[in-house]
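*Asks:* Put together the whole structure using the sequences plus the hints.
What follows is the residue order along each chain.
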Amino acid sequence: MDKLIQELKEEIIEALNLEDMEIDEIDEEQALFGDGLGLDSIDALELIVLLEKNYGIKIEDPKQGKDIFYSVKSMAEYITAHQK
Amino acid sequence: MSTLKHVYLSNSSLFVNNKLVLRGENPIFAKFLKEVYLYNLSRYPKFYKMDALSKLAFVASEVLLKDYKHKHQAEEVGIILQNKSSTIIVDKKHQASISNREEYFPSPANFVYTLPNVMTGEICIRNGFKGENAVFIVPGFDAAFLMNYLQILFDNDKTKMMLGGFVDAGEDYYEAFMFIIDEQNYKEIQADQLYNLYKELKENAETS
Amino acid sequence: MKNTDNKAYIISDAIISSLDFGSQKNMEALYAGKSGVKKIEDNSLYPHAFMGARIDDEKLNQCFSNISYLNQLPEDFEFTRFEKMAIVAMAGSYRTCEFPLHKKTLFILSTTKGNIDLLQDENIKKFGKERQMLWRTADVIKQFWGFENEAHVLSNACVSGVEAIALASQFLKAGLYDHAVVVGADMLSEFVVSGFMSFQSLSSKVCKPFDKDRDGLNLGEAAACVFMSTDKSYLDKKNEVVVVSGGASSNDSNHISGPSRTGDGQFFAISGALKEAGIKANEIDYVSAHGTATPYNDEMESKALTLAGLHNKPIHSLKAYFGHCLGAAGLVESVVVIRNLRDQRIIKSLGYKQNGLPLPLNIIEETKSWPLKNALKTASGFGGSNAAVIFSKIRKSTI
Numbered sequence: 046m047d048k049l050i051q052e053l054k055e056e057i058i059e060a061l062n063l064e065d066m067e068i069d070e071i072d073e074e075q076a077l078f079g080d081g082l083g084l085d086s087i088d089a090l091e092l093i094v095l096l097e098k099n100y101g102i103k104i105e106d107p108k109q110g111k112d113i114f115y116s117v118k119s120m121a122e123y124i125t126a127h128q129k
Numbered sequence: 002m003s004t005l006k007h008v009y010l011s012n013s014s015l016f017v018n019n020k021l022v023l024r025g026e027n028p029i030f031a032k033f034l035k036e037v038y039l040y041n042l043s044r045y046p047k048f049y050k051m052d053a054l055s056k057l058a059f060v061a062s063e064v065l066l067k068d069y070k071h072k073h074q075a076e077e078v079g080i081i082l083q084n085k086s087s088t089i090i091v092d093k094k095h096q097a098s099i100s101n102r103e104e105y106f107p108s109p110a111n112f113v114y115t116l117p118n119v120m121t122g123e124i125c126i127r128n129g130f131k132g133e134n135a136v137f138i139v140p141g142f143d144a145a146f147l148m149n150y151l152q153i154l155f156d157n158d159k160t161k162m163m164l165g166g167f168v169d170a171g172e173d174y175y176e177a178f179m180f181i182i183d184e185q186n187y188k189e190i191q192a193d194q195l196y197n198l199y200k201e202l203k204e205n206a207e208t209s
Numbered sequence: 002m003k004n005t006d007n008k009a010y011i012i013s014d015a016i017i018s019s020l021d022f023g024s025q026k027n028m029e030a031l032y033a034g035k036s037g038v039k040k041i042e043d044n045s046l047y048p049h050a051f052m053g054a055r056i057d058d059e060k061l062n063q064c065f066s067n068i069s070y071l072n073q074l075p076e077d078f079e080f081t082r083f084e085k086m087a088i089v090a091m092a093g094s095y096r097t098c099e100f101p102l103h104k105k106t107l108f109i110l111s112t113t114k115g116n117i118d119l120l121q122d123e124n125i126k127k128f129g130k131e132r133q134m135l136w137r138t139a140d141v142i143k144q145f146w147g148f149e150n151e152a153h154v155l156s157n158a159c160v161s162g163v164e165a166i167a168l169a170s171q172f173l174k175a176g177l178y179d180h181a182v183v184v185g186a187d188m189l190s191e192f193v194v195s196g197f198m199s200f201q202s203l204s205s206k207v208c209k210p211f212d213k214d215r216d217g218l219n220l221g222e223a224a225a226c227v228f229m230s231t232d233k234s235y236l237d238k239k240n241e242v243v244v245v246s247g248g249a250s251s252n253d254s255n256h257i258s259g260p261s262r263t264g265d266g267q268f269f270a271i272s273g274a275l276k277e278a279g280i281k282a283n284e285i286d287y288v289s290a291h292g293t294a295t296p297y298n299d300e301m302e303s304k305a306l307t308l309a310g311l312h313n314k315p316i317h318s319l320k321a322y323f324g325h326c327l328g329a330a331g332l333v334e335s336v337v338v339i340r341n342l343r344d345q346r347i348i349k350s351l352g353y354k355q356n357g358l359p360l361p362l363n364i365i366e367e368t369k370s371w372p373l374k375n376a377l378k379t380a381s382g383f384g385g386s387n388a389a390v391i392f393s394k395i396r397k398s399t400i
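Those protein sequences? They're chains W, Z and S, same order as listed.
The letter at position 55 of the first sequence is residue 100 when you use this note's numbering, and the numbering goes up by one with no holes.
The letter at position 116 of the second sequence is residue 117 when you use this note's numbering, and the numbering goes up by one with no holes.
The letter at position 223 of the third sequence is residue 224 when you use this note's numbering, and the numbering goes up by one with no holes.
It should be emphasised that the hints constitute simulated quantities derived from the structure, not laboratory data.
All of these numbers come straight from a predicted model, not from anything done at the bench.
Among the hints, erroneous ones may be present.
List of simulated lysine-lysine pairs, BS3-like, C-alpha gap at most 25 Å [to be verified]:
hint	chain 1	residue 1	chain 2	residue 2
1	W	111	S	213
2	Z	188	S	276
3	Z	94	W	103
Going by beta-carbon spacing under 10 Å, a handful of chain W positions derived as facing chain Z [what the hints assert, rightly or not]:
hint	residue
4	62
5	67
6	68
7	87
8	89
9	112
10	113
C-beta: ideal position from N, C-alpha, C; glycine also.
*Replies:* What follows is the structure in structure tokens.
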């Protein structure tokens, strides 16, 4: 799980162009949207692409995204539970 | 023309009002843009999310508007830019992401930048500008058409302050010329003088 | 260059769309309540089926060959699909009333992506790398006609069409040109369909602007042309004339892909157009809104129209008829507004059943006769762009 969390942080920084952020600056339990990392709606769509591209997980209903993408940790848990 | 504040960015050089203020150490476009961003601008994380064209227009506008004070309302300030290559860099990237059915992952964060007016949008968001907006695609900077349109807008009381210019980026070239024009000085600016100023800056950047 | 007393008269217009070719035939389809949005199964556009509004290729090629006698370029010069769309629309306008090609005519092309399909390898081989550059595309269209002036391309996302008409009218009123030919075109392409799919903003049904159940937009393709002039000798014998009486653009200054949460950006464009037209909001008789049928866009418009005091005026969106034709949308829909002013009719907002807006609007539910003098056309798009233009019907005896 820890390995996956580290990997996800790297992927998020790259996919969302958070160039001025370091891996250590992202707390896995911190909220990604809203007041946390301050991501927006395009970032949410980009995270959907990331899950499909890197983990083969397709999210059909974008409303589901709210819970899955709450934090890095919730993303990691979702991946672990759904990866084939 | 002396009252016209302007910036020019190309070939790793940044000019403000005809003066070379930054000579980039890195000839690579993306790295040079970051140098300009870090040169004297305040932190703005959204910068890193922009495509190269928006980054270019953004840093030019930031340098241009630094220390520029005005009291106009949001809807009285606008921006009109010209551009030659539209959004060719991100267009090609998007095309590459869909050219293979097995590796078909179009990126929404990339796709949103496949419109040239997103660069004017980024500048408006940063500065709270809500006035007239347009982007024209031209084979080269067309000072006459741009000045005609700007003068129409001022003469008919549709705006009080405008950013204008030519901002263009492709895979191996980039150029930004941007100026501020307002209700005080717009009548002084002649299109041919503006074009000559642009030519002069272009030559200076090539030889600097 | 203060506005002179010149008026920007609408002389002729044309639409080619998924519904039909020609303004008159498009109006008949709209009055009959037909939609051009259909299920499209074409692997060259998208790996799966989707709903969209497409122009008939066979008809396009037929029309293009019928007007080849107008072509000023060598006979064997090959035109792209996009160029054919724009040229056929222009020819529709030209055949109603021949626009002059000399130095006093301004030529504007409004588009977002033009020849975007030329980024595909096989097309680069055929047409070269430069052809997809919008200025080059516009130059080819210019050369087909033989305009003396250079073409001007306006590319301001989905507001391009509305803004192009407003802009052309400004140049005419300022006396810089006597005539303007404005053409707007955008086509369905793999590029655009895949992009909007990645944005998850496409509906799997015919879209439902302003409705409670709206769940996204349909993409469409179309081309439309408007020929305007300050020269009265071009006016036909009818007693009533449509003019462009005001226009403006603005920016939300909020988000590059999400519409304003307050609607103030669109409100500023509407205010600017009203100011130039010299009329108050209560003198607007109906509004042809943008109405893409995405949840946030329509919500924003309900706020902007309420801010402007237009929420009780008859309002429609034409997106369920034509799909969203991007840079051509504003031009196609403006031509419909011009025709509505002439016909004194308003068209129902197809797809609307029940209010789904935080601030309710007076959505048109039935196509019917309606007295019209001033009509407002609005548009909004990515980059936070907005535009508004007002068309007015005036009596010839008053000009």
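*Asks:* Hints first: check each against the structure and report whether it holds.
*Replies:* Structure-based check of all given hints:
1. A C-alpha spacing of about 22 Å is found between residue 111 of chain W and residue 213 of chain S, which places the hinted pair at or below 25 Å, so the restraint holds.
2. Taken as a hint, the residue 188 of chain Z and residue 276 of chain S pair is honoured in the structure, with Cα atoms around 23 Å apart against an allowance of 25 Å.
3. Taking the CA atoms of residue 94 of chain Z and residue 103 of chain W, the gap is about 22 Å. The hint holds against a cut of 25 Å.
4. Interface restraint check: residue 62 of chain W against chain Z, minimum CB-CB distance 5 Å, threshold 10 Å, status holds.
5. Because the beta carbon of residue 67 of chain W sits about 13 Å from the nearest beta carbon in chain Z, more than 10 Å, this interface hint is broken.
6. Below 10 Å, beta-carbon pairs count as interface contacts, and residue 68 of chain W has none with chain Z, the closest being about 15 Å; its hint is therefore violated.
7. Given the 10 Å rule on beta carbons, the hint for residue 87 of chain W holds: about 5 Å separates it from the nearest Cβ of chain Z.
8. The restraint placing residue 89 of chain W at the interface with chain Z holds, with a minimum CB-CB distance near 9 Å, inside the 10 Å limit.
9. Evaluation of the residue 112 of chain W hint against chain Z yields a violated restraint, the C-beta minimum of about 20 Å exceeding 10 Å.
10. With a cut of 10 Å, the hint placing residue 113 of chain W at the interface with chain Z is violated, because the nearest CB-to-CB distance is about 17 Å.
Of the hints listed earlier, those the structure fails to meet are numbers 5, 6, 9 and 10, in rising order.
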